[in-house]
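K.L.:
Please construct the entire structure, taking both the sequences and the accompanying hints into account.
Protein chains in written order, with our numbering: chain A, 1321 to 1608; chain B, 12 to 333.
Hint data in this document are derived by calculation from the structure and do not stem from the laboratory. It should be emphasised that the depicted structure is a prediction, and the values quoted were computed from it without experimental measurement. Each hint should be verified, as a subset may be incorrect.
Keeping only pairs whose Cα atoms sit at most 27 Å apart, straight-line, the calculated BS3-like set for lysine-lysine is [stated by the list, open to error]: (1) A/1335 x B/211; (2) B/167 x A/1511; (3) B/195 x B/167; (4) B/237 x B/250; (5) B/211 x B/167; (6) B/211 x B/195.
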Amino acid sequence: MPIHDQGYRRYGGTKAPHGQAWAVIARAGLRTMLARRTFLGLLLFAWFPFIVRAIQIYASTNFSQVAFLSPNVEMFHDFLEQQGFFVFVITVYVGAGLIANDRRANALQIYLSKPLTRTEYVFGKLTILMTFLLLVTWVPALVLLLIQILFAGNFSFLQANLYLFPAITVYSFVETIAISAAMLALSSLSKSGRFVAILYTGLFFFTTALWGVLTLALGGVHTRPGQGRPGVSWISFSADLTQVGNAIFRLPPKYDSPASVSLAVIVVLVVISGFVLERRVRGVEVVT
Amino acid sequence: MDPIAADTRITTQMADSGAVVTLESVTVTYGRNQAMRDVTASFAAGAVGLLGPNGAGKSTMLKALLGFVAPDRGRMRVLGFDVAHSPLDIRARVGYMPESDAHIPGMNAVSFVAYCGELAGLPRVDAMQRAHEVLFYVGLGEARYRNVETYSTGMKQRIKLAQALVHDPDLLFLDEPTNGMDPKGRDEMLELVRDLAHNKGVNLIVSSHLLPDVEYTCDHVVVMDKGRVATHGPIEALKQPRGRTYELRVKTANLEAFIGQIRAAGLECHASDEDIMRVFVPGEGGARELFALAAREGVQVRHLRPSVATLEDVFATAVGEQ
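P.N.:
So this is what it looks like as structure tokens:
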């Protein structure tokens, strides 16, 4: 008789209640990405503009010669807009394979045979991408705001711009949710992460190119409000984000399309993404 | 929900019906194709084989029981829970080993199995501990730090079993568990399945088109054909003849005609390898009836031996194979 039988044993512990599996998925996804040195390098690089802005704030509050660099609402808006490049790269790097790789490995039937819903699965995947995107938009922007207070030694800037904190938060979340939902939907359409990356890049630039072509065809310019014919900037996803961002930060609109139209386009995009995910994330793929 | 109360409820309900899974008039349609047609069946506790040729609706049934496919009509219960209303409660108590290759990409075996345990609600430390245990149990102890994508087909089958077991399910759905395995690996897998059912107290539903696999591992069988249940019951009971089966070899110029005569006389005849037939004689007539038939047709009987009924006979009779 063996001293210790390494055979199968029944489990005597307690199990977590339903509804927490999304956190397991998110944790595992975050760990997997952070284990990649290339990605860590990218994340660090994405904070480089933050360092530049932090130096700007430091210099403007400590040296009167460069007082013209003093932070204002536009600086925070511009910072978030400049982070758009890193948002794009991280979205492609992290998001393209989030569902596509699971579909390639038939992992969906493994996931959905466990006590979790399709919504939980999508929410877990969404959390992975959103966390990294917020890490290069919302978090550094808020830290910049904190740095401004620390370097200035008073709250006067914050008091004069009380809406800045909610503006940073709302814009970061609108951008992150829209981009993450669109990328997840695209990722669910294919079994190849590379193909999804190409698809996303194509869609991103295609909508902007289409906007340019339509503007030329309609005889307008890319342009200021009130000039020329009604704009069609709402066709471009990036222009929609800019337009909504300007409205949130109470800045003059950059393009002709009303911000409400741009916001509607973003909402429609999120709704379509949700519909695609509902259709594609299933335990069994039915081909009829 | 209080887990003790829930367990008590399951036990009570199972004791009432004596079945871990029940289906009532379930129909599942893919487009225009009816994969399950008005299926009513129950799966007893223990090991039950779900037997049938490819396309019979076996995998569809398992997927419907897991809630992957919504039936057009009908009602299903698993471990006392209604599939339509409590899919999560069911999945928390069920382990599923899919037919096709399936894994979480980019993980080694132990991480993959532990991850599956966590998804099923195990605390992280417990999930990791059980991952090591079940990987040893399925014979992957030495390979548990290898990436799953580098595994052979047989190893992938084992890892699928491990992920289905890690959260200690009350019921296992095994879809073609020996698919693509070499003979040695197949024997080992069947041993594992048999051990789980007979020594570890895990209820099993083994979907397979391989009769020997089901016969070796299961006590009960549900035979499916063309989306319907062809027959079901304890294997031993199904193998009990309501007549007698004989191996028969004859000398005749026209074998086809003689087989036709046998069938016309109301006997079941399954032509097997070479010139030996298996003839089922219902009732008490036995060999005398066969000899009389041969004499009447002028056919020489060269070999006549009583045969023990096999699951193959049950299957062939149920699905009407010739």
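K.L.:
Does each hint hold? Answer for all of them.
P.N.:
Here is how each hint holds up against the structure:
1. A/1335 x B/211: Within the cut-off at roughly 20 Å; holds.
2. B/167 x A/1511: Holds, at about 20 Å.
3. B/195 x B/167: holds, 15 Å
4. B/237 x B/250: With a Cα-Cα distance of about 22 Å, the restraint between residue 237 of chain B and residue 250 of chain B holds, given a limit of 27 Å.
5. B/211 x B/167: Status holds; Cα separation ~22 Å.
6. B/211 x B/195: holds, 22 Å
Hint violations for this structure: none, all hints satisfied.
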